[in-house]
Amino acid sequence: MAKVNPDFSETLKDYGAFDLTACYNCGTCTAVCTLSDEENSIPRKMVRYGVLGLEEEIQSSVDPWLCYYCGECSTSCPRQAGPGELMMSLRRYLTASYDWTGLSRRFYTSKIWEIAAIMLLSALILVLFLLFHGPMTTELTPQGGVQLNTFAPWKRIETGDWIMAGILSFFLLSNIFRMYRKIFHGPQKIRVPFRLFFTQLWELIFHFLTQWRFSKSTRTTRIGRKELKISPYWVSHWLLMSGYVLLFTMIVVFLEWFQTDIIHPWWHPQRLLGYYATFGLAFGLIFFVYGRIRRDQENNKHSHYTDWTFLVLLSGTVITGILVHIFRISGLPYATYYTYVLHLMILFPMLMIEVPFSKWSHLAYRPFAVYFNGVRNAALKIKK
Amino acid sequence: MSENRGSIKKKKIGVYICHCGGNISDYVDVEAVKDAVRDHPGVSLVKTTMFTCSDSSQVSMVEDIRENGLDAMVVASCSPKLHLMTFRDVARRAGLNPYNYIQVNIREQSSWAHSDHPAEATDKAIHLVKAGIEKARRLGDLNPMEIEAVNRAVVVGAGISGMRAALELAGMGTEVFLVEKEPFVGGHTSQWGKVFQGEARGDEIVERLYNEVRTRENITLFTGAGVTAVKGNVGNFEVTLTLQPRGVKERLTEEEFAEAVQACPESVEDAFNFGLMRRKALYDRGDRSFPALQAIDFGACTQCGKCLEAAHGKIDLEQPEETITVQAGAILVNTGFDPYEPEKGEFGYGEIEEVITLPQLERLMELQPGKLVWKDKEIRHIAFIYCVGSRQPEGKNTYCSRYCCTAAVHAALRLGENYPGIKTFHLHKGMRTYGKQEVLYDEASRNGNVFLQFAEGTQPEVRKNGQGVEVRLHDLLTLGKEIEIHPDLVVLVTGMTARNDPGLVKTLKLPVGADGFFNEVHMKLRPVETVMDGIYISGTCQGPKNITETMTSSLAATAKANALISKGTISLEPNLAVIDEEKCVWCGKCDEICTYGAIEKVKKGDKEVARVINAACKGCGACLPVCPEDAIELLGYTNEEIFSMIDAIAEEIRFKEKHKVEEEVATPAATDEDWHIKVEKLDEKSKKILRTLQEEPRAVPEIAGETGIPVKEVMYRLMSLRKYGYVKDTNEINEDEYYTYALSDMST
Ligand SMILES: Cc1cc2nc3c(=O)[nH]c(=O)nc-3n(C[C@H](O)[C@H](O)[C@H](O)COP(=O)(O)OP(=O)(O)OC[C@H]3O[C@@H](n4cnc5c(N)ncnc54)[C@H](O)[C@@H]3O)c2cc1C
Ligand code: SF4
Ligand code: SF4
Ligand code: SF4
Ligand code: SF4
Numbered sequence: 001m002a003k004v005n006p007d008f009s010e011t012l013k014d015y016g017a018f019d020l021t022a023c024y025n026c027g028t029c030t031a032v033c034t035l036s037d038e039e040n041s042i043p044r045k046m047v048r049y050g051v052l053g054l055e056e057e058i059q060s061s062v063d064p065w066l067c068y069y070c071g072e073c074s075t076s077c078p079r080q081a082g083p084g085e086l087m088m089s090l091r092r093y094l095t096a097s098y099d100w101t102g103l104s105r106r107f108y109t110s111k112i113w114e115i116a117a118i119m120l121l122s123a124l125i126l127v128l129f130l131l132f133h134g135p136m137t138t139e140l141t142p143q144g145g146v147q148l149n150t151f152a153p154w155k156r157i158e159t160g161d162w163i164m165a166g167i168l169s170f171f172l173l174s175n176i177f178r179m180y181r182k183i184f185h186g187p188q189k190i191r192v193p194f195r196l197f198f199t200q201l202w203e204l205i206f207h208f209l210t211q212w213r214f215s216k217s218t219r220t221t222r223i224g225r226k227e228l229k230i231s232p233y234w235v236s237h238w239l240l241m242s243g244y245v246l247l248f249t250m251i252v253v254f255l256e257w258f259q260t261d262i263i264h265p266w267w268h269p270q271r272l273l274g275y276y277a278t279f280g281l282a283f284g285l286i287f288f289v290y291g292r293i294r295r296d297q298e299n300n301k302h303s304h305y306t307d308w309t310f311l312v313l314l315s316g317t318v319i320t321g322i323l324v325h326i327f328r329i330s331g332l333p334y335a336t337y338y339t340y341v342l343h344l345m346i347l348f349p350m351l352m353i354e355v356p357f358s359k360w361s362h363l364a365y366r367p368f369a370v371y372f373n374g375v376r377n378a379a380l381k382i383k384k
Numbered sequence: 001m002s003e004n005r006g007s008i009k010k011k012k013i014g015v016y017i018c019h020c021g022g023n024i025s026d027y028v029d030v031e032a033v034k035d036a037v038r039d040h041p042g043v044s045l046v047k048t049t050m051f052t053c054s055d056s057s058q059v060s061m062v063e064d065i066r067e068n069g070l071d072a073m074v075v076a077s078c079s080p081k082l083h084l085m086t087f088r089d090v091a092r093r094a095g096l097n098p099y100n101y102i103q104v105n106i107r108e109q110s111s112w113a114h115s116d117h118p119a120e121a122t123d124k125a126i127h128l129v130k131a132g133i134e135k136a137r138r139l140g141d142l143n144p145m146e147i148e149a150v151n152r153a154v155v156v157g158a159g160i161s162g163m164r165a166a167l168e169l170a171g172m173g174t175e176v177f178l179v180e181k182e183p184f185v186g187g188h189t190s191q192w193g194k195v196f197q198g199e200a201r202g203d204e205i206v207e208r209l210y211n212e213v214r215t216r217e218n219i220t221l222f223t224g225a226g227v228t229a230v231k232g233n234v235g236n237f238e239v240t241l242t243l244q245p246r247g248v249k250e251r252l253t254e255e256e257f258a259e260a261v262q263a264c265p266e267s268v269e270d271a272f273n274f275g276l277m278r279r280k281a282l283y284d285r286g287d288r289s290f291p292a293l294q295a296i297d298f299g300a301c302t303q304c305g306k307c308l309e310a311a312h313g314k315i316d317l318e319q320p321e322e323t324i325t326v327q328a329g330a331i332l333v334n335t336g337f338d339p340y341e342p343e344k345g346e347f348g349y350g351e352i353e354e355v356i357t358l359p360q361l362e363r364l365m366e367l368q369p370g371k372l373v374w375k376d377k378e379i380r381h382i383a384f385i386y387c388v389g390s391r392q393p394e395g396k397n398t399y400c401s402r403y404c405c406t407a408a409v410h411a412a413l414r415l416g417e418n419y420p421g422i423k424t425f426h427l428h429k430g431m432r433t434y435g436k437q438e439v440l441y442d443e444a445s446r447n448g449n450v451f452l453q454f455a456e457g458t459q460p461e462v463r464k465n466g467q468g469v470e471v472r473l474h475d476l477l478t479l480g481k482e483i484e485i486h487p488d489l490v491v492l493v494t495g496m497t498a499r500n501d502p503g504l505v506k507t508l509k510l511p512v513g514a515d516g517f518f519n520e521v522h523m524k525l526r527p528v529e530t531v532m533d534g535i536y537i538s539g540t541c542q543g544p545k546n547i548t549e550t551m552t553s554s555l556a557a558t559a560k561a562n563a564l565i566s567k568g569t570i571s572l573e574p575n576l577a578v579i580d581e582e583k584c585v586w587c588g589k590c591d592e593i594c595t596y597g598a599i600e601k602v603k604k605g606d607k608e609v610a611r612v613i614n615a616a617c618k619g620c621g622a623c624l625p626v627c628p629e630d631a632i633e634l635l636g637y638t639n640e641e642i643f644s645m646i647d648a649i650a651e652e653i654r655f656k657e658k659h660k661v662e663e664e665v666a667t668p669a670a671t672d673e674d675w676h677i678k679v680e681k682l683d684e685k686s687k688k689i690l691r692t693l694q695e696e697p698r699a700v701p702e703i704a705g706e707t708g709i710p711v712k713e714v715m716y717r718l719m720s721l722r723k724y725g726y727v728k729d730t731n732e733i734n735e736d737e738y739y740t741y742a743l744s745d746m747s748t
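Here the protein sequences come in this chain order: C and R.
Position one of the first sequence corresponds to residue 1 (the working numbering), numbered consecutively onward.
Position one of the second sequence corresponds to residue 1 (the working numbering), numbered consecutively onward.
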């Protein structure tokens, strides 16, 4: 029994869906979707659930996570019902529904909440620096670099990092647990042999590292005369993702090694890894920001304000990060200090808001969805 | 009309055998046909022609007739469907009575049917032509019957369909008596607000038609009236109208009316509002009353007289019922439909408060323009259930009501416009917003109205749920999942049904279909005519229609009616039944079988006899075989004419038969044993039939009953068994008045 919520389609509009009730169930979208298969038929089913407002069914479904928004369905939809954007909005909605704090829903449905939260977290960083920063020495290191570790000792920063990582993990993991509950203990109850959670574990790791499904979904693009077999979306996304993960690991786990006052030669792994990560992030960012400005594809035409918040914060972080590096090795102490504070004032709210409550949570939800889906389908197969 | 019964006459007959390009002559040896019939009695001229229907050929036929003084003509060519009228015209142009013309079809019946056997095709053609000649020898002149027609029509029902018809007829110069059962005109359309498609309101359409009707001098409108008897026939019906008293002589002013209504103690359910409220016995339809004169519902009024004081002499409770009789050339039936009334408990109707019908919703919207409230609760969510009383798997209402998908979608659009925030769910069985109406469906689905589809053979379920109501269905569009909706109101999209008016059906003697609607003669070719000449049907009394379709059919009927009666006379085919009053004993069998009511009982001297009403007879011939006295003949197809044709065809066959019999006779005389050997050769079914006859003679239905062989098959098997001498007629009838058959003498 699935209960209709007549007001749901309105709610979903806050999450970015539009015109979904125009859908007349032709199924074209599902027919053209390269990721739709027998086990997970997308996206018409989800469009229908959205139209009727079958909330329980939606919340217990992994399907929205299996879509990588190539936009093929939206382009083909004879009613311009925007099935692709609907899947996007459902991902936002699911993120909000996994989140037990309710903050995610606030951020997705209220600009004021989101901006206020960013301001507050930035202010917190500023206050912490005012209280705890070290001496702002103008003395340079023998190599002529800025003594950043004197102004912001890595030990102190690392403590902060660990506290932040703890908080992030707590929220994210508890939300993933709720995701698990909804999927496996929703209206469609499935008995899953426990071992499947181990045998399917490779999916989680594999998809986290490669986003393999993404590479299968997105269209190849034409460059000049040549049909590019590898999707530029996937490449850009992978570069961005790998850069981010690398940097996050270096900041949280290897800060002592990463935030040093020594200026290593250019081939030193510390510099090379840093440059690679910066390049990956910057490339991805430019690609996606440019797309969202051009609005020439289905998947970048309809930007929710939270998409922009994310891109702006991440760009801010990357730009200030690059500047800190340049100022430090160029021996500009004050510029380095102020930019460093600014860097953290952008970075901190970005991670605190985006990772557990907003767009960036998909870095966990997507591989987990693929993993849960694998477990579920394997369980269903056994049942048969 | 000639009283000729087709006895043989000395005639000069011209015979034309057509090549039809090669269509005929490629298989049938036309020259051989010509030679074979040249010396046939009565034939004075035979020709073959390449295309008999060509202009040049027609011209020379006219000359032949004139020069040779021919008095009958046979053309052996194609089907009479194609050229009967062409050659009748040739005869007429040559001064010959056109009914002295016979067309023999040797194309479809010989050359095309037997193209693999040209010799036999030729042989058959010869026989067919001879049969035609034999008939031609016996033909007499016939003349189309001219009857007088009154250029006046009675239009029954003054809904939009009746009023449109009346206006159109009046415009073409036909006088109209427009008869409406209710005190107010307009029918159902006057109950609707904005109607699809376009911007017009239903009541506005009615108002416009009514205002126009009032200005026409040659339309007489009777409200509160009905047709209670019809006599006569096409061109000259005698129609009896019964006029109910209205009770109100002069319009009451608003104050008088309010006060009189206040005083009236009797109230009934208000049918105009589909029972959403009650009204008094003295009532009107507010500013939607056409005419604007109030009326008294004498079904409800007890004549207590309490309203009289306030009415200042404008009410008369003693008005009598009146009947008047009018002559009319045609009758147009436009009595409309009734919305389907769900059974108690059908989708919770009548049991759950929140369940209403689409017509009720329409009225509710009219009564509550600002805010839609049902049982003190503001309505936010509505579930429509489609096809209620239509498209049912069995019973009377298996048809689609056509108007309702669009009306429901249109209602949803208006709900959205007039009561922002209302959301609707449409539980349908496959949408049928055909033609241009599709754009409304498109608009409605884009506007956030949700459509769900239940499968043929399943139905949504409506149940009480605490304070409210819940609807469940298996939605085809959601993978067949069971879906549960909790609306504030459930609207049953009820279909159209035929009006339950057996009196009218009986008075007009019109056939009705299994669905209860009046039947036309031919859905495609004669869509507004009935089997009763001069009686037309249009609008929704004929079947479900929306307003546009209603108007269209109504205009078609007026065109047909006016064309028929406006010339003053109507000419009818002369192929009619005639009854020999000497032989007739009035058993009434012909009257029973005639579906056109063309037989009347008349006094002839001191006995009663049947007489054919010429204007009503269609010449179908159904009465001929039932007459035990053989008193009926069909002009143009008299017994003698038909027998002569059979003889001509059978001539050769009889000859062949004779040879066969002679051969048989030459062999030793038939014995019991031979009989058995002969029977052994028959197939199982024929043996079975013979076995049933062993005890005693039996009639066809009895044999069919005993053997389980269908009646038709028994019939033709018997005929061949008789032909080959296994059985014979007894010339006796059983208790059920069927002829019986017995084993032939050979068997004994
Ligand atoms: C809820 C609903 C909504 C609709 N909405 C639309 C719409 O938006 N657009 C549209 O195109 N169509 C609509 N329709 C269809 C429309 O109402 C019909 O097509 C139209 O009313 C048919 O007109 P009619 O004259 O054939 O029949 P009726 O309207 O039934 O009129 C017949 C008239 O004949 C009279 N009568 C009956 N029997 C006798 C008798 N024995 N003697 C004398 N008089 C008699 C009746 O009193 C009545 O006045 C709707 C129908 C329904 C039920
Ligand atoms: S293609 Fe569009 S209209 Fe068709 S089912 Fe998908 S969303 Fe609906
Ligand atoms: S956007 Fe692409 S992947 Fe997503 S549902 Fe549509 S077609 Fe499938
Ligand atoms: S028009 Fe629609 S609701 Fe009416 S009977 Fe036909 S299919 Fe059913
Ligand atoms: S021929 Fe037909 S229509 Fe004429 S009287 Fe006989 S049964 Fe009636």
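Quick caveat, the hints were computed from the structure, so don't treat them as lab data.
Please note that a few of the clues may not be correct.
Straight line, CA to CA, 16 Å or less: simulated EDC-like cross-link-like pairs of lysine to aspartate or glutamate [said to hold, decoys possible]:
#: 1; chain 1: R; residue 1: K47; chain 2: R; residue 2: D29
#: 2; chain 1: C; residue 1: K3; chain 2: R; residue 2: E470
#: 3; chain 1: R; residue 1: K423; chain 2: C; residue 2: E56
#: 4; chain 1: R; residue 1: K618; chain 2: R; residue 2: E600
#: 5; chain 1: R; residue 1: K560; chain 2: R; residue 2: D606
#: 6; chain 1: R; residue 1: K194; chain 2: R; residue 2: D488
#: 7; chain 1: R; residue 1: K567; chain 2: R; residue 2: D29
#: 8; chain 1: R; residue 1: K423; chain 2: C; residue 2: D19
#: 9; chain 1: R; residue 1: K314; chain 2: R; residue 2: E259
#: 10; chain 1: R; residue 1: K685; chain 2: R; residue 2: E651
#: 11; chain 1: C; residue 1: K3; chain 2: R; residue 2: E484
#: 12; chain 1: R; residue 1: K396; chain 2: R; residue 2: E470
#: 13; chain 1: R; residue 1: K231; chain 2: R; residue 2: D533
#: 14; chain 1: R; residue 1: K481; chain 2: C; residue 2: E139
#: 15; chain 1: R; residue 1: K423; chain 2: C; residue 2: E10
#: 16; chain 1: R; residue 1: K481; chain 2: C; residue 2: D307
#: 17; chain 1: C; residue 1: K3; chain 2: C; residue 2: E72
#: 18; chain 1: R; residue 1: K604; chain 2: R; residue 2: E582
#: 19; chain 1: R; residue 1: K509; chain 2: R; residue 2: D488
#: 20; chain 1: C; residue 1: K3; chain 2: R; residue 2: E706
#: 21; chain 1: C; residue 1: K3; chain 2: C; residue 2: D37
#: 22; chain 1: C; residue 1: K3; chain 2: R; residue 2: E702
#: 23; chain 1: C; residue 1: K3; chain 2: R; residue 2: E461
#: 24; chain 1: R; residue 1: K618; chain 2: R; residue 2: E259
Structure-based check of each hint:
1. R:K47 - R:D29: Roughly 13 Å between the alpha carbons, so the hint for K47 (chain R) and D29 (chain R) holds.
2. C:K3 - R:E470: holds (10 Å)
3. R:K423 - C:E56: Measuring from Cα to Cα gives roughly 21 Å; hence the hint is violated.
4. R:K618 - R:E600: Distance ~15 Å between K618 (chain R) and E600 (chain R) Cα, so the pair holds.
5. R:K560 - R:D606: At roughly 42 Å apart (the allowed maximum being 16 Å), D606 (chain R) and K560 (chain R) break the hint.
6. R:K194 - R:D488: violated (23 Å)
7. R:K567 - R:D29: Status violated; Cα separation ~48 Å.
8. R:K423 - C:D19: Distance of about 15 Å is within 16 Å: holds.
9. R:K314 - R:E259: Given pair K314 (chain R), E259 (chain R) holds - Cα atoms ~13 Å apart, limit 16 Å.
10. R:K685 - R:E651: violated (30 Å)
11. C:K3 - R:E484: holds (5 Å)
12. R:K396 - R:E470: Status violated; Cα separation ~29 Å.
13. R:K231 - R:D533: Given pair K231 (chain R), D533 (chain R) holds - Cα atoms ~13 Å apart, limit 16 Å.
14. R:K481 - C:E139: violated (73 Å)
15. R:K423 - C:E10: The hint holds at about 11 Å.
16. R:K481 - C:D307: Violated, at roughly 34 Å.
17. C:K3 - C:E72: This hinted pair is violated, its Cα atoms lying about 30 Å apart.
18. R:K604 - R:E582: holds (9 Å)
19. R:K509 - R:D488: violated (47 Å)
20. C:K3 - R:E706: violated (61 Å)
21. C:K3 - C:D37: At roughly 26 Å apart (the allowed maximum being 16 Å), D37 (chain C) and K3 (chain C) break the hint.
22. C:K3 - R:E702: violated (63 Å)
23. C:K3 - R:E461: holds (14 Å)
24. R:K618 - R:E259: violated (59 Å)
Hint compliance for this structure: hints 3, 5, 6, 7, 10, 12, 14, 16, 17, 19, 20, 21, 22 and 24 are not met, and every other hint is.
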